[in-house]
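Asker: For reference, the chains in residue letters:
There are 2 protein chains.
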Amino acid sequence: MKTNAPTMKDVAREAGVALGTVSKVFNGITVGESYRIKVETAAQKLGYQVNQYARGLRASKTYTVAVILPGVDHPFFAALAQHLCTALAQRDHRMLLYVTASRPDMEQLCVKMVRQNRVDGIIGLTYNPLQIDDDLPFVSIDRSFAADVPCVASDNYSGGRIAAEKLLELGCQRLAFLRIGSANPSETDKRGDGFEMVCRTRNIHYDAIRLKDGEDLAQFKEFFRSHMKGGKIDIDGFFCSTDLLAWRIQQMLQELGIRVPEDVQIIGFDGIRRFGGESLYCSTIVQPVQKIAETSVDLLLDKDRANAPSLICLPVAYAPGGTTRE
Amino acid sequence: MKTNAPTMKDVAREAGVALGTVSKVFNGITVGESYRIKVETAAQKLGYQVNQYARGLRASKTYTVAVILPGVDHPFFAALAQHLCTALAQRDHRMLLYVTASRPDMEQLCVKMVRQNRVDGIIGLTYNPLQIDDDLPFVSIDRSFAADVPCVASDNYSGGRIAAEKLLELGCQRLAFLRIGSANPSETDKRGDGFEMVCRTRNIHYDAIRLKDGEDLAQFKEFFRSHMKGGKIDIDGFFCSTDLLAWRIQQMLQELGIRVPEDVQIIGFDGIRRFGGESLYCSTIVQPVQKIAETSVDLLLDKDRANAPSLICLPVAYAPGGTTRE
Chain D
1 MKTNAPTMKD VAREAGVALG TVSKVFNGIT VGESYRIKVE TAAQKLGYQV NQYARGLRAS
61 KTYTVAVILP GVDHPFFAAL AQHLCTALAQ RDHRMLLYVT ASRPDMEQLC VKMVRQNRVD
121 GIIGLTYNPL QIDDDLPFVS IDRSFAADVP CVASDNYSGG RIAAEKLLEL GCQRLAFLRI
181 GSANPSETDK RGDGFEMVCR TRNIHYDAIR LKDGEDLAQF KEFFRSHMKG GKIDIDGFFC
241 STDLLAWRIQ QMLQELGIRV PEDVQIIGFD GIRRFGGESL YCSTIVQPVQ KIAETSVDLL
301 LDKDRANAPS LICLPVAYAP GGTTRE
Chain P
1 MKTNAPTMKD VAREAGVALG TVSKVFNGIT VGESYRIKVE TAAQKLGYQV NQYARGLRAS
61 KTYTVAVILP GVDHPFFAAL AQHLCTALAQ RDHRMLLYVT ASRPDMEQLC VKMVRQNRVD
121 GIIGLTYNPL QIDDDLPFVS IDRSFAADVP CVASDNYSGG RIAAEKLLEL GCQRLAFLRI
181 GSANPSETDK RGDGFEMVCR TRNIHYDAIR LKDGEDLAQF KEFFRSHMKG GKIDIDGFFC
241 STDLLAWRIQ QMLQELGIRV PEDVQIIGFD GIRRFGGESL YCSTIVQPVQ KIAETSVDLL
301 LDKDRANAPS LICLPVAYAP GGTTRE
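Heads up: the protein sequence lines correspond to chains D and P, in order.
Numbering (this note's numbering) for the first sequence: 1 to 326.
Numbering (this note's numbering) for the second sequence: 1 to 326.
Certain hints may be false.
Copies of the same chain are indistinguishable here, so a pair counts whether it falls within one copy or spans any two.
Using 30 Å as the maximum straight-line C-alpha spacing, the simulated DSS-like pairs for lysine-lysine come out as follows [stated by the list, open to error]:
#: 1; residue 1: K9; residue 2: K45
#: 2; residue 1: K303; residue 2: K24
#: 3; residue 1: K221; residue 2: K303
#: 4; residue 1: K190; residue 2: K166
Hints are computed from structural coordinates only; laboratory data are not their basis.
Whole structure, please, built from the sequences with the hints as guidance.
Answerer: Pasting the structure below:
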């Protein structure tokens with residue numbers, strides 16, 4: 001550290017105010033407007049940098065939030081990280097990013113590191129419940145842990161409902177819901193629930209196949225074969241739990257000689273775009289990623305957390321992307 | 001903070017060692033093996049958590065590294081963030097992520113935040129030079145700033161060379177290099193240099209078109225039209241500066257009725273995979289992203305930084321991805 005760096009005392013002298021006034025300004029405590037301007041002008045002139053570290057120790061506040069994600073190599077998580085980082089920065093907080101890479105050893109290391117390091121709170125999208133201190137604010141994305149841990153998610157149930165309604169509107173008569181994902185319960189399970197509700201209510205014949213991560217995707221192909229006769233398949237509308245699955249399903253169907261969207265129509269879920277901003281991979285239910293990030297940050301930093309809802313579901317929307325007839 | 005949390009004194013009492021010994025262990029200073037085990041066993045038994053924050057103040061070390069990226073919504077930056085985070089965690093460091101989102105106001109905010117917060121160093125991939133303290137270790141990715149700031153990059157020049165050689169090996173006779181990117185000089189400029197060197201050396205007729213971010217991509221389409229006669233184009237091999245550009249060029253060519261890879265072959269640069277891990281978008285020169293991340297972390301945390309090279313280029317490799325005849 002430079003020995004000639006200006007101190008708070010130097011700023012007070014330059015501004016012609018008491019040391020306590022300088023301290024108040026740097027710690028965000030209200031002082032008269034003219035004092036605040038004097039202090040900020042002096043600090044700027046001297047090149048004084050607030051030492052966030054020491055400020056954190058004094059105020060018991062670190063202005064640091066830990067964000068735990070399975071990874072940022074998947075485009076949905078990447079977009080989430082991007083928007084969380086921006087939303088935190090706009091509220092003068094910094095983001096410690098922990099990626100678990102879905103590896104148990106990394107998940108463990110990540111939990112250990114969060115506990116070792118003082119942070120003001122955690123925003124996490126995790127597949128396994130984390131052991132965290134009760135007094136550490138925690139906001140969960142996509143997975144409900146407990147009533148006192150607010151969960152922010154897309155309105156997955158409505159998304160499933162919208163997908164079923166859209167397929168029917170586009171002329172489909174026999175539907176199927178396909179899913180592969182974590183074995184742990186999560187908000188995303190509701191995608192299938194909303195879809196099935198529409199089918200049941202409207203007496204539509206449908207199938208639902210749910211696989212767990214690690215299970216063989218070829219089971220979907222066998223299912224398709226069992227529904228084929230003379231090169232045609234008797235299902236004409238698929239709702240897939242993610243865009244990635246929709247993309248894989250589309251390839252499987254084409255290998256079987258089935259045309260998308262002429263013979264069958266497919267709707268995915270997520271709203272992933274090629275290269276992070278180009279065209280959609282498929283017709284899909286778009287998640288409001290930016291809104292999820294901003295809501296999570298607002299909830300975490302909100303002083304009135306005790307009255308926070310336990311689950312906040314944000315609206316999703318259908319977008320055509322080439323795998324439906326509109 | 002809990003008042004009943006165990007202190008270093010409690011650990012010393014439990015371990016039956018002096019307080020100084022406990023302090024040494026927690027600060028990574030060498031003590032006898034038996035002492036270290038005693039302290040660690042006692043700390044574990046009492047559930048003692050090292051307060052990284054206070055440890056940072058004492059040791060003038062924060063075990064925190066700031067990573068500055070244009071964004072993590074682009075898949076290359078997302079993969080980089082993922083591998084940097086993992087490499088830092090494996091060396092017991094945490095990652096503060098700053099995304100500039102290529103927005104000037106965010107870039108400014110990000111620089112301000114890094115200066116306000118004590119970190120042990122910065123790893124940055126930035127389009128504009130940052131104002132940083134001379135005494136703060138800095139490793140730059142893809143962009144050389146100064147001799148005392150080590151830069152880590154792919155071997156972009158060799159990548160361009162490999163692309164040209166591969167197109168020629170696959171039968172191409174007339175080549176073109178297409179590029180769009182930042183107006184600021186960067187290591188990635190060498191992609192075109194390596195490509196042109198091969199063309200010149202082997203007397204191959206070639207064109208090179210370089211656009212700056214913001215310029216109209218339609219200029220490429222006009223270039224194609226100017227090279228077309230009777231529905232055919234007289235260029236049969238394209239090297240594009242990124243996979244994203246290769247993907248866009250492929251679409252433009254197909255709109256003009258030109259078949260890829262039958263009529264023309266295309267090689268991109270990056271090695272982007274769909275959904276972060278599926279198939280490649282195009283035949284491409286693959287960047288060693290994980291190696292770039294690990295090398296950057298090693299360089300930043302290396303105590304012998306004074307002897308670090310100013311530029312480290314890591315080997316790239318060709319991978320076929322459907323836009324070439326092999």
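Asker: Does each hint fit the structure? Answer for all of them.
Answerer: The hints, checked one at a time:
1. K9 / K45: within (14 Å within a copy, 44 Å between copies)
2. K303 / K24: Classified as within: same-chain Cα gap 20 Å, cross-chain 38 Å, threshold 30 Å.
3. K221 / K303: neither (51 Å within a copy, 55 Å between copies)
4. K190 / K166: within (17 Å within a copy, 49 Å between copies)
When the structure is compared with the earlier hints, a violation turns up for hint 3 alone.
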